[in-house]
Amino acid sequence: MNECIVESTKDYLLLMRSGIDVISLKDKSESLYRYWCTCEQRIIQITEQISEDNFWYNLCELIDLDSKLCIVKSLYTQKEKFGFFDTISYEKIIEFSHTDSGFFNHEMCGYNLKEQGHSSIIFFARNMAASKQIFLKERKEQTSV
1116 MNECIVESTK
1126 DYLLLMRSGI
1136 DVISLKDKSE
1146 SLYRYWCTCE
1156 QRIIQITEQI
1166 SEDNFWYNLC
1176 ELIDLDSKLC
1186 IVKSLYTQKE
1196 KFGFFDTISY
1206 EKIIEFSHTD
1216 SGFFNHEMCG
1226 YNLKEQGHSS
1236 IIFFARNMAA
1246 SKQIFLKERK
1256 EQTSV
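Residue numbers (the working numbering): 1116 to 1260.
Honestly, the hints are just simulated from the structure, not real lab data. Nothing here was measured: the structure is a model prediction, and the numbers come from that model. Honestly, I wouldn't trust all of these hints.
[Said to hold, decoys possible] Here are the simulated DSS-like pairs of lysine-lysine, each with C-alpha atoms no more than 27 Å apart in a straight line:
| id | residue 1 | residue 2 |
| --- | --- | --- |
| 1 | K1207 | K1196 |
| 2 | K1188 | K1207 |
| 3 | K1196 | K1141 |
| 4 | K1194 | K1143 |
| 5 | K1207 | K1194 |
| 6 | K1207 | K1141 |
Taking the hints into account, I'd like the entire structure generated from these sequences.
Structure (structure tokens):
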């Protein structure tokens, strides 16, 4: 697998796990391990059920889940390998993942939180909750017609 090309969900999950020992994660924090596995399972579920009808919403959710895993991986790695964030608990890492995932790509692309990002799907995960409500409303309207 070339790190720049992900051809399957399995490739993606292997890439995300590279540099992090998920088994030792379980020994250090059962809750962080469960959180990681829950995100992975949701990614698998989405990619197995993705269709033309739900693609755009699911893409936003995948971007959000990717951001969550990136945040967990980064903070956990820094905490374990470099001693950074010694005062931050594993539960706090989960909390940061939830609260910051919507802004992760925005900041990684060099924007500060006050700046408007350009029109790109990568920034849509930030509006995930609104997107989900719109998607569910549209699906309900389509099925009732």
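Status of the hints after comparison with the structure:
1. For the proposed pair K1207 and K1196, the alpha carbon gap of about 18 Å is at most 27 Å, so the pair holds.
2. With a CA separation close to 13 Å, the supplied pair K1188 and K1207 stays within the 27 Å bound.
3. For the proposed pair K1196 and K1141, the alpha carbon gap of about 16 Å is at most 27 Å, so the pair holds.
4. With a C-alpha separation of about 11 Å, the suggested pair K1194 and K1143 falls inside the 27 Å cut-off, and the hint holds.
5. Distance restraint check for K1207 and K1194: the Cα-Cα separation of roughly 12 Å lies within the 27 Å cut-off, and the hinted pair is therefore satisfied.
6. Distance hint between K1207 and K1141 is fulfilled; the C-alpha atoms sit about 16 Å from each other, no more than 27 Å.
Checked against the numbered hints given earlier, the structure satisfies every one of them.
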